[in-house]
Amino acid sequence: MLSRVADSLYWMSRYMERTDGILRMLRINYASSQDDIQDFSWRPVLRIFSYLDDEQAAAISHKSRAVLQYMVTDRENANSVLNIVTHARENARSVQDHITKELWQCLNEFYHTVRDGNLIRGLHEEDPVSILDVLIRQGLLYYGVTDVTMARGEGYAFINIGKFLERGVQSADILDIKFSDLDITRMDTTYWKYLLLSISGYELYLKTYRSGFDARNVLELVVLNEDFPRSVLYSVKQLQKYFERLKTDRNKEGYQKLDFLIGRFQSRIKYSTVDSILQQGIHGFLNGVRQDLYEMGNAFNQHYFAYT
Amino acid sequence: MQTTELLNSYLAETAGWDEMYTDNNVRQQYRCVLDLLERMTIEELNRKEELAKKMFMSQGITFTVYSSGEGIEKIFPFDIIPRIITASEWNYIETGIRQRLKALNLFLKDVYNSQFILKDGVVPTEIVYSCPHFLREMIGFPVPHDIYVHVAGIDLIRDQDGTFYILEDNLRTPSGVSYMLENREITKRLFPDLIPRNNVRTVTEYPDILHRNLVALSPRQTASPTIVLLTPGIYNSAYFEHTTLARLMGVELVEGRDLVVDNHRVYMKTTAGLQQVDVIYRRVDDEFLDPLVFRPDSILGVAGIMSAYRKGNVAIVNAAGNGVADDKAIYAYVPAMIRYYLNEEPILKNVPTYQLDNRDQREYVFSNMNNMVVKKTNGSGGYGMLMGHSASEEEIDRYRAEIIKDPRQYIAQPIINLSSAPCYMHGRLKPRRIDLRPYALCGPDGIQIVPGGLTRVALREGSLVVNSSQGGGSKDTWVLAS
Numbered sequence: 001m002l003s004r005v006a007d008s009l010y011w012m013s014r015y016m017e018r019t020d021g022i023l024r025m026l027r028i029n030y031a032s033s034q035d036d037i038q039d040f041s042w043r044p045v046l047r048i049f050s051y052l053d054d055e056q057a058a059a060i061s062h063k064s065r066a067v068l069q070y071m072v073t074d075r076e077n078a079n080s081v082l083n084i085v086t087h088a089r090e091n092a093r094s095v096q097d098h099i100t101k102e103l104w105q106c107l108n109e110f111y112h113t114v115r116d117g118n119l120i121r122g123l124h125e126e127d128p129v130s131i132l133d134v135l136i137r138q139g140l141l142y143y144g145v146t147d148v149t150m151a152r153g154e155g156y157a158f159i160n161i162g163k164f165l166e167r168g169v170q171s172a173d174i175l176d177i178k179f180s181d182l183d184i185t186r187m188d189t190t191y192w193k194y195l196l197l198s199i200s201g202y203e204l205y206l207k208t209y210r211s212g213f214d215a216r217n218v219l220e221l222v223v224l225n226e227d228f229p230r231s232v233l234y235s236v237k238q239l240q241k242y243f244e245r246l247k248t249d250r251n252k253e254g255y256q257k258l259d260f261l262i263g264r265f266q267s268r269i270k271y272s273t274v275d276s277i278l279q280q281g282i283h284g285f286l287n288g289v290r291q292d293l294y295e296m297g298n299a300f301n302q303h304y305f306a307y308t
Numbered sequence: 001m002q003t004t005e006l007l008n009s010y011l012a013e014t015a016g017w018d019e020m021y022t023d024n025n026v027r028q029q030y031r032c033v034l035d036l037l038e039r040m041t042i043e044e045l046n047r048k049e050e051l052a053k054k055m056f057m058s059q060g061i062t063f064t065v066y067s068s069g070e071g072i073e074k075i076f077p078f079d080i081i082p083r084i085i086t087a088s089e090w091n092y093i094e095t096g097i098r099q100r101l102k103a104l105n106l107f108l109k110d111v112y113n114s115q116f117i118l119k120d121g122v123v124p125t126e127i128v129y130s131c132p133h134f135l136r137e138m139i140g141f142p143v144p145h146d147i148y149v150h151v152a153g154i155d156l157i158r159d160q161d162g163t164f165y166i167l168e169d170n171l172r173t174p175s176g177v178s179y180m181l182e183n184r185e186i187t188k189r190l191f192p193d194l195i196p197r198n199n200v201r202t203v204t205e206y207p208d209i210l211h212r213n214l215v216a217l218s219p220r221q222t223a224s225p226t227i228v229l230l231t232p233g234i235y236n237s238a239y240f241e242h243t244t245l246a247r248l249m250g251v252e253l254v255e256g257r258d259l260v261v262d263n264h265r266v267y268m269k270t271t272a273g274l275q276q277v278d279v280i281y282r283r284v285d286d287e288f289l290d291p292l293v294f295r296p297d298s299i300l301g302v303a304g305i306m307s308a309y310r311k312g313n314v315a316i317v318n319a320a321g322n323g324v325a326d327d328k329a330i331y332a333y334v335p336a337m338i339r340y341y342l343n344e345e346p347i348l349k350n351v352p353t354y355q356l357d358n359r360d361q362r363e364y365v366f367s368n369m370n371n372m373v374v375k376k377t378n379g380s381g382g383y384g385m386l387m388g389h390s391a392s393e394e395e396i397d398r399y400r401a402e403i404i405k406d407p408r409q410y411i412a413q414p415i416i417n418l419s420s421a422p423c424y425m426h427g428r429l430k431p432r433r434i435d436l437r438p439y440a441l442c443g444p445d446g447i448q449i450v451p452g453g454l455t456r457v458a459l460r461e462g463s464l465v466v467n468s469s470q471g472g473g474s475k476d477t478w479v480l481a482s
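Line by line, the protein sequences are chains A and B. The opening position of the first sequence corresponds to residue 1 in my numbering, with each subsequent residue numbered one higher. The opening position of the second sequence corresponds to residue 1 in my numbering, with each subsequent residue numbered one higher.
Since the hints were derived computationally from the structure, they do not count as laboratory data. Be careful, since some hints might not be right.
Here are the simulated BS3-like cross-link-like pairs (lysine-lysine), alpha carbons at most 30 Å apart as the crow flies [unchecked claim]:
1) LYS74(B) - LYS252(A)
2) LYS101(A) - LYS54(B)
3) LYS405(B) - LYS101(A)
4) LYS102(B) - LYS237(A)
5) LYS269(B) - LYS257(A)
6) LYS349(B) - LYS101(A)
7) LYS102(B) - LYS269(B)
8) LYS247(A) - LYS269(B)
9) LYS102(B) - LYS101(A)
10) LYS241(A) - LYS269(B)
Please read all numbers here as calculations on a predicted model, not as lab measurements.
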């Protein structure tokens, strides 16, 4: 497979994963803003998914519609859904002969949907949740079409590598910011509930822990739970699984390098416990997770995608 | 013949040859389609038009227009009514194109090798050497199987008496074939069962024939040679076509930056290291192909690719340097080439062409500017063209001055009253001018022309210019089996 093609598939997938993350986060936080008796703030969301500085974030952090507009349709925001779906489509467009026609059409339609003026007007004037649902469903369609139509070759491996790498980074980011916001010993049911809802972990949490909401349990679920599809451990295991499919007689050097990085990272997560994480400091630990994932991204760049 | 509302004033608006009507009668080949259209309501037809647009849009059969930093997706306008060519018309066109291509290919071989045709004075030497597409780099280089033109898209038009004329020989990187394929797919959806009922010949073989020809050109004797399609990239207006062809042939779609030349061999950069490339179907123009040989600022090409080509380590399709044979000034000599190389009379006629560096011809053209179309010899896409009948006095004067500055750059042709075909426009059928571009494929086993092609249509009322850049659209093109 051409290096450029692998690169484009990887980024197409990362952008789509990010789109999904942002949309879910927006949907749940909007719901929370309608429910919260305390003063609801969008600041954590803006810190996770945007490049706004504190002052800029503060200016809109209490205006839901303004945040939605900024995060979904703002052309100036590099991380707006509109812009990242456009990037995903551009990447897909340049590798149309490596993705199925169905997948290309799905992304192309998603692109036309986020640019649809009527739909977007709904974000400001009608119920934003129904609009976000339309977009989330387009994203789910993307996952489904990828799963059902794509051949299980090298391209599929790069798509999944991009997806799980992005997911790992996202989960670390979300936890880091949510935990930095308050004193970990404080019990705040709504706070944790909405966090879990926004990453679709609420139901699994209820089934796993019977004792109500507790920061330690949230940490354990999002970092260490092997069955939770957004946990760091799950993401890295999937990453490893798809990476192993790239093993060939050629490019041995690149393979060994990545194999080492992924293996080391996986062990580090797997043999952590909530206590060891707390001992190290949550922020320090999550920062380490992020650094490791970035290092893997760079190594892929160097050993698999370098074409210029 | 009863005229329904759909056909209101259609006849009154036709002038010259109409593809559907003759002497107030519907031609046999259009009857079945017209019957169906007349049974439909305006609403149904509008719905079909809408459906066609939606299908082009959602499949991404679009080109991007960049304005104020933002890309807007446009579709190439499509008219829902097919253009129909009878079996005997096609037979004539096919034989004519075959003959013409044979001669043009011989001309390219000759002009880059022995140059008999120049020595015998059939084609003037200066007109060849003054052509910017004549490449010294190709002189004395034996191209594989002596084939220069692997893919040709020859433009035909019809005069008011129905005679076919060759308008242009596109022998470099002709585009539009994906629209031949996609327009057919859309028609299948718009009018279920209509195609089999009319006995329309299929066009779907095109990518298979092309692929077979590309495989046959591989310099390495291997069961599965590496074939790539070289595209200028996603910003090229024909990018959709490049992806379609790559997908339909199952070959790798590459950009210049994906390729590298080492020791006169071309490789592509893959996730598992370098892989040697055997055949390149390039959709990049000659001048951008190799920055070491042609334009040094080109980033679309590959440094060293021409040396690999000349060493015979890679096949390039179409051959470099073909532009000397489809130059508009050399066009006038194609009938002479056919007589010279084949000893046959040309089957398809040329449009009479005046060379403006010939004093007598220039004087004649200048005194008849209102009946002439003036074209740049190296222009394309309908740019830099003067339509004498609709131009203002100032425009004509400006062209005169330009021509006198460098007469080799221009040719003039009498304005041809192109034939018309019915187009669906806001609830009515309207006659609009059309041309025809069939696609011919030449491989070691000979020339094959897929029965069909791209019919371009001038959608503006009264317009004679079909180019997409000038408000043209396209139609599905049917060739009937019997």
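Results for each hint:
Annotation: proposed proximity of LYS74(B) to LYS252(A) is violated, straight-line Cα distance about 45 Å (limit 30 Å). The suggested pairing of LYS101(A) with LYS54(B) holds, with an alpha-carbon distance near 16 Å, which does not exceed 30 Å. With a C-alpha separation of about 52 Å, the suggested pair LYS405(B) and LYS101(A) falls outside the 30 Å cut-off, and the hint is violated. For the proposed pair LYS102(B) and LYS237(A), the alpha carbon gap of about 61 Å is over 30 Å, so the pair is violated.
A C-alpha spacing of about 19 Å is found between LYS269(B) and LYS257(A), which places the hinted pair at or below 30 Å, so the restraint holds. The straight-line distance between the Cα atoms of LYS349(B) and LYS101(A) is roughly 42 Å, outside the 30 Å bound, and the hint therefore fails. At roughly 37 Å between alpha-carbon atoms, LYS102(B) and LYS269(B) are farther apart than 30 Å, so this suggested pair is violated. A C-alpha spacing of about 17 Å is found between LYS247(A) and LYS269(B), which places the hinted pair at or below 30 Å, so the restraint holds.
Restraint check for LYS102(B) and LYS101(A): not satisfied, since their Cα atoms lie roughly 38 Å apart, outside the 30 Å limit. Proposed proximity of LYS241(A) and LYS269(B) is supported: the alpha carbons are some 25 Å apart, at most 30 Å.
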